[in-house]
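S.K.: In case you want the letters, here they are:
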Amino acid sequence: MKVLLIIPAYNEEKSILSVIENIKKIKVDESIKLDYVVINDGSTDKTKEICLENKLNFIDLPCNLGIGGAVQTGYKYAYYKDYDIAFQIDGDNQHDVSYVPKLIEAINAGNDLVIGSRFVSELSEFKSSFLRRVGINLLSFLIKVCTHQKVYDVTSGYRACNKTLIKYFAFNYPIDYPEPDTLVQVIKKGKKVMEIPVKMNERKTGKSSINGLKSIYYMIKVSFAIIIADISTKKENK
Amino acid sequence: MSIRLIILLIVLSIIFAINIFHNIFKRKISLQYSLMWFVYVILIIIVLMSLPILNYITKFFGFELTSNMVFFFGFIILLIISFTLTKIISTLKEKVTILTQEVAILKKEINNYDKNN
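Chains R and G, in that order, give the protein sequences. Position 219 of the first sequence, counted from 1, bears residue number 217 in the working numbering, the numbering being contiguous throughout. Quick note, the working numbering runs 973 ahead of the 1-based positions in the second sequence.
I should point out that these hints are in silico values taken from the structure, not numbers from a laboratory. Keep in mind it's a predicted model, so treat the numbers as computed, not measured. A virtual CB, placed ideally from N, CA and C, is assigned to each residue, including glycine. Please note: incorrect hints may appear among the correct ones.
Claimed, not checked - Stretch-level coverage of chain R by chain G, calculated; a stretch enters the list once three of its residues show a Cβ under 8 angstroms from a Cβ in chain G:
1) 1 to 15
2) 70 to 79
What the hints assert, rightly or not - Calculated pairs, DSSO-like style, for lysine-lysine (alpha carbon to alpha carbon, straight line, at most 27 angstroms):
3) Lys1060(G) with Lys22(R)
4) Lys212(R) with Lys1081(G)
5) Lys1060(G) with Lys46(R)
6) Lys142(R) with Lys212(R)
One chain only, chain R, in its complex shape (with noise of 0.2 angstroms):
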């Protein structure tokens, strides 16, 4: 089985490199194959020179996509390569990867995205700040009146999905905010979506990409995007 994690990175200089350690830290079955691919994201710091020099197997953009686009990146990439499992981790060591084994267990058991979670359990010590916990909380609720489903940590972008889904977000993707865009689109279209615990630090490096006013555009944009995503997406014919 193959499993491919996929790292974005905008000017992730500081701690792209340990996050490829942890990486290599993780212990998984033999039977499976745990490769990483680093997408640059027209970085403009020393992020593809250090790429460059570590021989990271990486995907340098020409141009600055968004998240969303360095992201899909990583699916085509999946795709093309015939990939069973990608991962979705930041660049930014927020994402404690010793987790990764556990969601690949969630995703052998059947389900087709499994969502690294903050808010299921205390294991995380790490929360964000409360402003930021009411505006995840207002698009929870949002999303379980839409999709009828409680998903506590919709804007984690620590995730992993099957091969089904890879195909679907190779070709399908939001550019801006993907990640409960996304959710929204995978539960209408009756796909299995699970939410496991894992312990998320703190940003040591780099800053959030959403701060003061912009949390309130976010947040008007990402209720839009919800909505949309909810009256667009056509249920699958199983």
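For chain R, the structure is supplied; the task is to place chain G on it using the hints.
M.R.: Relative to the frame of chain R, chain G by itself:
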């Protein structure tokens, strides 16, 4: 609406139309997208040249002034044009995204190939 204003608007429209032609011949804009601007200019000129009808429509819709009506319809057409442009930009953006992704993946494949040979 005074004749002077009408003449001014017609002259401006004609200059604009010439500018559009100029750009088409220099291949600066594709014919496909120049067409909507061209229709716009022609419409404005036709509207301006038919003064009696103009006055009738103004009264019919209840505009205070004929010039208001001319500007109103100009504005509506501009709205349609700019919306069309947004649609075109969205498609282009999607195409650029796909191209960027495919080029990046290809670049990687070529590098791998070079290394293996």
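S.K.: Go through the numbered hints given earlier and state which of them the structure violates, listing their numbers in rising order.
M.R.: Checked against the structure, the hints that fail are numbers 1, 3, 4 and 5, while the rest are satisfied.
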